[in-house]
Structures are given as structure tokens and as C-alpha cells.
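A.B. asks: Sequence:
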Amino acid sequence: MDSNKELELASDFVNNTNQCIFLTGKAGTGKTTFLHTLKKNSLKRLVVVAPTGVAAINAKGVTIHSFFQMPFGPILPDTDARNTSGFNKKFSKTKIDIIKSMDLLIIDEISMVRADVLDGIDKTLKRYRNRAKVFGGVQVLMIGDLQQLSPVIKDNEWQLLKSYYQTGYFFSSHAYQQCQATTIELKHIYRQENPKFIEILNEIRNNTLSQASADELNKRYIEDFRPDPKEGYIALTTHNNRAEHVNEAELNALKTKAHTYKAKVDGIFPEYVFPNQEEVKLKVGAQVMFIKNDSSPEKRYFNGKIGKVILLDKDEVVVKCPDDDYNIETTPETWENITYTLNADTKAIAEDSIGTFIQMPLRLAWAITIHKSQGLTFEKAIIDAQGAFAHGQTYVALSRCKSLEGLVLKNKINSGQIINDQQVTSFTKIAEAHQPDIHALQIARRIFQLDAIHEIFDFYEFLYPINRLLDIYYKNRVHIQGQLNVPLNTMKTAITNLLKINSGFKGQLNQICEEDSLPETNDNLQERFKRAIAYFKIETDMWIVGTLKNLKFATDNSAVEKDLTKNLDMIEDLLLVKLSYFNGFIQGFSANSFLELRANTVFLKKAKPKKPRTSVIDGTVNIELFELLRELRNQIAHDNDLIHYQIFTQKALYEICEMLPINRKQLLNINGFGKTRVEKYGTQILDVIRDYCDENDIEMEYSNEIQTYEKPNTPVKRGDSNNVSLEMFQSGKSISDIAEERELTETTIFSHLSTFVSSGEVRVIDLISKEKYDELSSMIPKLAFENLSDLKKQLDEKYSFNDIRVVIKALEKHA
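Heads up, my numbering is the position in the sequence shown plus 5, with the first residue counted as 1.
These are computed hints drawn from the structure, not numbers from a lab.
Check the hints yourself; a few may be wrong.
The calculated lysine to aspartate or glutamate pairs, modelled on EDC-like cross-linking and capped at a C-alpha distance of 16 angstroms, are [what the hints assert, rightly or not]:
#1 K201 - D330
#2 K407 - E384
#3 K313 - E236
Computed Cβ-Cβ distance ranges for the label pairs, DEER-style [as the list claims (entries may be wrong)]:
#4 K505 - K775: 49 to 59 angstroms
#5 D779 - E601: 52 to 62 angstroms
#6 I101 - A539: 54 to 64 angstroms
Backbone N, C-alpha and C define an ideal beta-carbon position, used for all residues, glycine too.
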């Protein structure tokens with residue numbers, strides 16, 4: 006495509022700003038070519054959608070309804086998308102990640118998009134992006150010509166929508182009115198060259214057809230015109246049944262043998278988006294039209310080229326076109342039905358073919374509907390505009406032709422065939438009267454870059470999860486161990502301070518960056534930016550990273566724990582984004598780097614597994630015992646189908662670890678322990694405490710009472726007890742069998758058997774799975790730790806103290 010200032014301006018606005026754009030232009034001005042060029046060359050992560058299946062296939066995109074999972078009926082603005090039947094149900098994680106990471110949404114054939122559908126797109130983008138910004142902050146490029154085909158709205162649908170919208174067109178949507186879109190009109194017409202014909206088309210387009218132009222146009226009315234079959238005329242009609250009748254009659258009139266080509270359909274390719282008939286019936290002598298651009302390097306044909314079949318073979322159709330000195334050997338072409346996916350390695354938005362339609366790129370072409378002719382170009386055409394019933398039909402039909410000389414009218418054109426919507430005309434005049442220029446582009450680029458810098462340093466999103474955490478804490482402090490309010494208020498104070506600094510910084514940058522310069526090329530601003538990066542990184546590390554790292558809590562209430570963890574994870578995700586920016590912009594700011602980093606931040610949280618939030622509170626003594634008792638509590642709760650705090654509370658757990666009760670009497674003094682609870686669980690609890698104390702050489706004064714816990718009326722020393730468990734294990738009994746028979750916990754039996762790993766009498770993989778052993782034996786030697794509790798903190802929650810202890814014994818054996 007030749008260069009022109011409107012196309013260059015449109016390309017700059019799309020690639021270098023965040024401005025929403027309505028790209029329009031008369032028929033033949035290269036809108037579709039611009040779309041394909043943009044897809045090929047843009048650095049932005051983009052998705053292409055269109056209102057119909059055929060339009061989506063032609064644009065090499067997907068339909069609006071499939072991508073955004075919308076219902077086909079009206080979408081009322083005052084309904085919640087999540088509660089509307091058929092709207093946005095079951096979005097996949099991949100789809101959500103695509104929406105969150107894309108920079109640009111391209112909507113082709115925007116003239117056919119209803120106002121409520123564009124608002125539905127806005128709702129979805131806000132749901133997964135920024136609720137405070139139109140289209141969720143995504144840049145939207147809308148391509149189309151309002152003077153061509155309009156949206157299809159049934160009468161009963163309009164009865165529902167008219168209370169909300171002035172018209173059914175996209176420009177009446179609430180989202181469009183809020184997005185302050187820049188309109189760029191492509192003015193250079195590539196299809197027609199005759200100035201007089203272009204003037205006539207413009208007058209029809211604007212509903213200002215003069216008598217002189219009408220007279221000139223109607224010279225092309227030829228009564229009872231019978232074209233020479235060799236000339237390749239195609240008839241354009243308003244109704245589908247007229248076109249089908251003409252094609253069928255002409256084909257039947259040929260005396261040659263018919264040959265049928267059946268399409269090959271693979272994967273997912275719904276019938277309603279088939280780009281051609283599933284069975285194409287042809288004869289030698291049939292007039293045909295190519296419906297796809299030639300995919301071969303020779304580029305022998307294009308979408309809309311007319312010719313005649315001169316030879317039919319099993320896998321080939323030979324076509325001769327007027328004015329060509331060569332024959333076209335036509336073989337099946339492939340159309341792809343695509344979906345959008347994410348590249349597993351680069352995380353780039355990728356087009357993934359989910360289905361193919363393989364068929365001859367030909368259809369009978371003695372006649373075609375005006376609707377199906379949109380986007381096509383014809384050398385010679387017969388226009389039947391009688392019965393035109395929709396806005397823009399006459400203009401679309403006439404504008405398909407390259408010249409007046411190649412145009413024949415079946416009926417004279419009068420005002421009755423020129424149907425224009427006055428609201429469209431009014432909107433178009435206003436929009437096209439405010440064409441942006443280079444100065445407007447420079448302002449938009451400057452605003453985009455300044456907004457990007459503000460986003461890099463903006464911590465406003467942190468306030469919601471922090472305030473939510475404080476609210477949960479104050480309402481549930483009786484259920485939470487740990488002073489969460491202290492670190493949370495520390496972070497909140499730091500973030501409030503950073504917000505004030507960023508607000509002032511934004512004002513400074515506006516002053517530093519003059520109107521005629523861009524932030525990325527302004528040396529003074531870049532120096533200021535780099536100092537800000539260093540300052541914000543230090544403050545973030547000190548007051549947020551450090552505080553979050555040391556924040557610990559414990560709670561018995563699973564709902565509270567889930568809510569706390571969810572909001573802490575939210576803070577961590579936001580923090581990862583900020584740190585990515587601070588580390589990525591050390592050398593200075595650039596718009597392209599910002600786009601790349603912003604897109605990649607969506608995937609940062611997936612690359613780093615979440616850490617468990619609940620933990621032992623600092624200052625707790627006997628941390629290992631704490632974990633052992635917590636494991637015991639979970640085991641008892643699971644075995645008896647109880648909630649863990651029904652065994653004993655978190656507060657009681659901390660008190661046990663501090664007081665180390667060694668008999669029933671002392672256990673009764675622990676907060677929350679009554680006779681019933683001690684009777685049910687006391688033996689198991691005290692047994693874990695005793696094993697822990699023996700293991701760690703903590704002196705205890707055993708009474709007869711505590712000795713009888715393990716085996717009533719039979720005092721057993723620890724060494725003897727270990728041997729009893731070993732003998733039973735070697736006889737073939739499982740750990741659970743031994744625990745049940747000896748009235749001890751499985752944890753205790755495990756502890757007994759682990760003492761024999763060093764001697765080789767028990768193998769590690771008899772006690773834990775080989776997978777766990779391989780993982781731990783690989784990880785532990787690489788870690789530095791002071792004690793078992795310190796090591797436990799550095800490992801995944803799935804490894805218990807017993808798992809870790811037994812692997813250490815095995816490693817020591819082989820050292």
C-alpha cells in the first residue's frame with residue numbers, strides 16, 4: 006500500500022498512544038489492508054474481533070460473541086454481567102490472562118456492532134482489568150464505515166434497548182461516549198480513479214446526490230442489458246434469493262457436465278462461519294468469483310476477481326479471467342478458525358488454529374448479494390438496487406465497482422434507493438470535522454508516556470487489600486494470634502507517603518516535560534525518573550517487602566484465614582509488579598519497555614508459588630513442638646470428622662508449648678481444656694510432649710500417671726517403647742496398626758521407628774514415600790539452617806517435621 010498521511014497518522018496513534026480510535030473512510034480506502042499490516046507489525050499485544058463469523062474469518066480474528074462469551078440477545082446496561090444469562094460464563098484462565106495482558110483490542114466492521122454489545126465489551130474488560138477506566142484501560146481501535154452496513158436489530162430487541170440508547174449504532178453506547186475516541190478518516194481512495202465517479206459516490210454516501218450527478222450515473226442504465234458471457238459481469242442484488250435464483254438458472258442452462266467439490270472440515274469450524282458452500286457445484290463455462298486472495302507467491306487472483314471455468318479436474322479448476330493472458334490453475338485453499346492463546350515460553354498472545362475449512366476458493370458469480378459483496382472489488386457489475394431496504398445498501402453496491410464504465414444499472418437510481426440514517430450522517434460530519442493532526446498526536450504520545458510513568462509509581466491499588474486486612478483483623482481479633490495491625494499500619498503509612506510523593510512527582514514531570522517533547526527523549530526528565538526509581542525501590546524494600554516478609558499470624562477460623570491469605574496474596578502480586586517496574590527501568594524510561602513489562606506482569610504471580618501465610622508467631626517457644634501438636638490436631642480432626650479447633654484452640658496450642666504440661670492435672674490448667682477434652686485427647690497430646698522432650702533432652706519429672714498413658718499399668722521406658730514398635734513393624738504391621746494397638750498416635754510410632762534409620766534396621770522409604778525422600782535429600786544439603794524449626798520454615802508445608810527428621814538421619818548415616 007502506498008504511503009499516505011492519514012494511514013501514517015493512524016499507525017502512530019495506535020502504536021504510540023493509548024487513545025481509543027475510530028478509523029473510518031470511504032469504501033476502497035484500505036481499511037482492511039491497514040488492519041492486516043497492523044497485525045503484522047505492531048509491538049502491542051492485540052486481539053482482533055468482528056461482529057459476524059464471516060467478518061471474523063476475513064479479518065483473521067474471532068467473533069465478538071465467542072471471545073467475550075456474550076448472549077446474542079440485548080444486553081441491558083443496568084444488569085450485572087455476571088448475573089446475565091449466557092454472559093461471560095466460565096472464562097478460562099487463559100482467556101482471563103489474555104484480557105489482562107493485552108494492550109489493544111481491534112474491532113473490525115464496527116458499523117455492524119450494536120451499542121449494547123460495545124457496552125458489554127466494556128463491562129467485561131472492566132471486570133478483569135481496571136474498573137475505573139473505560140474499556141478497563143485497554144486501547145480500542147474500531148474500524149469501519151458507518152455509511153455502509155448497519156447493525157441488525159429486531160423490533161422486539163429495540164423495544165428493550167430504546168430506553169437506554171438514542172440509536173442502535175456503536176457510537177450511542179455509553180462506553181464510546183466516555184472513551185473520547187479520536188476519529189481518523191482515510192481519504193485516499195484506492196479502488197476508484199475517476200474523479201467524477203468518486204464525486205458521485207460521495208454524494209450518495211452523504212445523501213446529497215445532485216441532479217447532475219444523478220443524470221450522469223443514470224447514463225449507465227441500459228434497458229434489457231444482456232452481457233457478453235466473456236466480459237465477466239456480476240449482478241449485485243438486494244436479496245439472497247434473487248442472487249441464488251440467477252446463479253442456479255445460469256448454471257442449469259449450461260449443457261456441460263457438473264462436478265461437485267466437497268469441503269474438508271477439520272477441528273472446530275462451525276457451519277455458520279463457513280467461508281464458502283460445503284459443496285461447490287461447477288460446470289465448464291460457469292462464471293465464478295474468487296473469494297480469497299491467492300496464497301501462492303504468484304498472487305494470480307484476489308478476493309472478488311471474476312472469471313470463467315474452462316477445465317474441471319478432480320483436484321483442480323482452471324479459470325480464465327477477462328484481460329488476463331494466462332489461465333489460473335486453482336487448487337483448494339485453507340481458511341483457519343483461530344482462537345487466542347498464550348505462548349508458554351514468551352507469554353505472548355498467539356493465534357492458535359482450532360479448525361480448518363479447505364475448499365475451492367470459488368463461488369458462482371453471475372449474481373451476489375450486496376451484503377456479501379462488502380469488501381470486494383469488481384471490474385464489471387450490474388447493479389439491481391430496486392428494493393434496497395437498509396441504510397447504505399446502494400452506496401455499498403455502487404462503490405464495489407472500479408469505474409463508471411464497468412457499471413451497468415438494471416434500474417435507474419433515484420432518492421428512493423438511497424437510504425441514509427440522518428443520525429449516522431450527523432455523527433459522521435461531527436467526527437470527521439475534528440481530524441487529529443501531528444500536533445494532536447504529539448500531545449497524545451506525551452500524555453500516554455506521562456500516564457505510564459505515573460502508573461509505575463502509583464501504589465493506590467495497595468490500599469484496598471490493606472484496609473480489608475485491617476477490617477478483618479479488628480472484627481476477628483479474638484480468633485487471630487499475632488498483632489497484624491502493627492505491620493499493616495506500617496505498610497499503610499508508607500504507601501500513603503508514596504502516594505503523596507507520586508502526586509507531587511507527576512506535577513514536577515509535567516513541568517519538566519515541555520509540550521513539544523516526549524518523556525522518553527527528555528534528558529532532564531530521565532534523570533529525575535531514574536532517581537525516583539532508586540528512591541521508590543529503597544522505600545518499597547524497607548517498608549513493604551520487609552514488613553510483609555515478617556508478617557505472621559495464626560487462626561483457628563478457616564474463613565478468616567482464607568480471607569486474610571487472599572488479601573495478603575493480592576498485596577504480594579501488586580508488589581511483584583512494582584518490583585518488576587523498579588528493576589526494569591533502572592536505565593531509564595521507554596514506552597516500548599513499559600508495554601513489554603506491563604504485559605509480562607500478568608504472569609509474574611504464576612512464576613512464583615505462594616508462601617503459606619499462617620505461621621508460628623515470633624516469640625513462641627518450642628516451635629517444633631508447636632508444629633507436631635498442630636499435625637496431631639489435624640490428624641485427630643480428620644479421623645473424627647471434626648473442625649480442628651474442636652480438639653483444642655490456637656490459643657491453647659501456644660500455651661501448651663510455653664507451659665509443657667506433663668500430666669493430666671497440668672493439662673487441665675491449660676486454657677480451654679476441661680475434663681472431657683483431657684479424657685478424649687489428653688493421652689495423645691501428652692505422649693507427643695513427652696517424645697518431644699526426650700528427643701530434645703528437656704528434663705521432665707515423670708509421674709506414674711504419665712507412665713501409664715502409653716500402656717495402662719505397665720511403665721515402659723522410652724528405649725523399650727521404641728523397640729516394641731520396631732518389633733511390631735518388623736512383624737509386618739503398619740504404622741497405623743501399631744498406633745491403634747498401642748493406643749498411641751501415628752506420629753509417635755513414626756518417631757519410634759525413625760530412631761532405627763541410622764542403624765539401618767528401618768529404611769527411610771519404609772516411613773516416607775520415595776518421592777519425598779528424593780526431594781528432601783536433594784534440597785536439605787543445599788540449605789543453611791540453625792535447627793530443625795529453621796529448616797522447616799524454608800521447605801514446603803507438605804513436608805512434616807517427621808519427614809524432615811528421618812531424612813536428616815539418613816543423610817547423617819551416609820555422610
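A.B. asks: Would you mind marking each hint as holding or not holding in the structure?
C.D. replies: Cross-check of the supplied hints:
{"no.": "1", "hint": "K201 - D330", "verdict": "violated (30 angstroms)"}
{"no.": "2", "hint": "K407 - E384", "verdict": "holds (6 angstroms)"}
{"no.": "3", "hint": "K313 - E236", "verdict": "holds (10 angstroms)"}
{"no.": "4", "hint": "K505 - K775: 49 to 59 angstroms", "verdict": "holds (56 angstroms)"}
{"no.": "5", "hint": "D779 - E601: 52 to 62 angstroms", "verdict": "violated (38 angstroms)"}
{"no.": "6", "hint": "I101 - A539: 54 to 64 angstroms", "verdict": "violated (34 angstroms)"}
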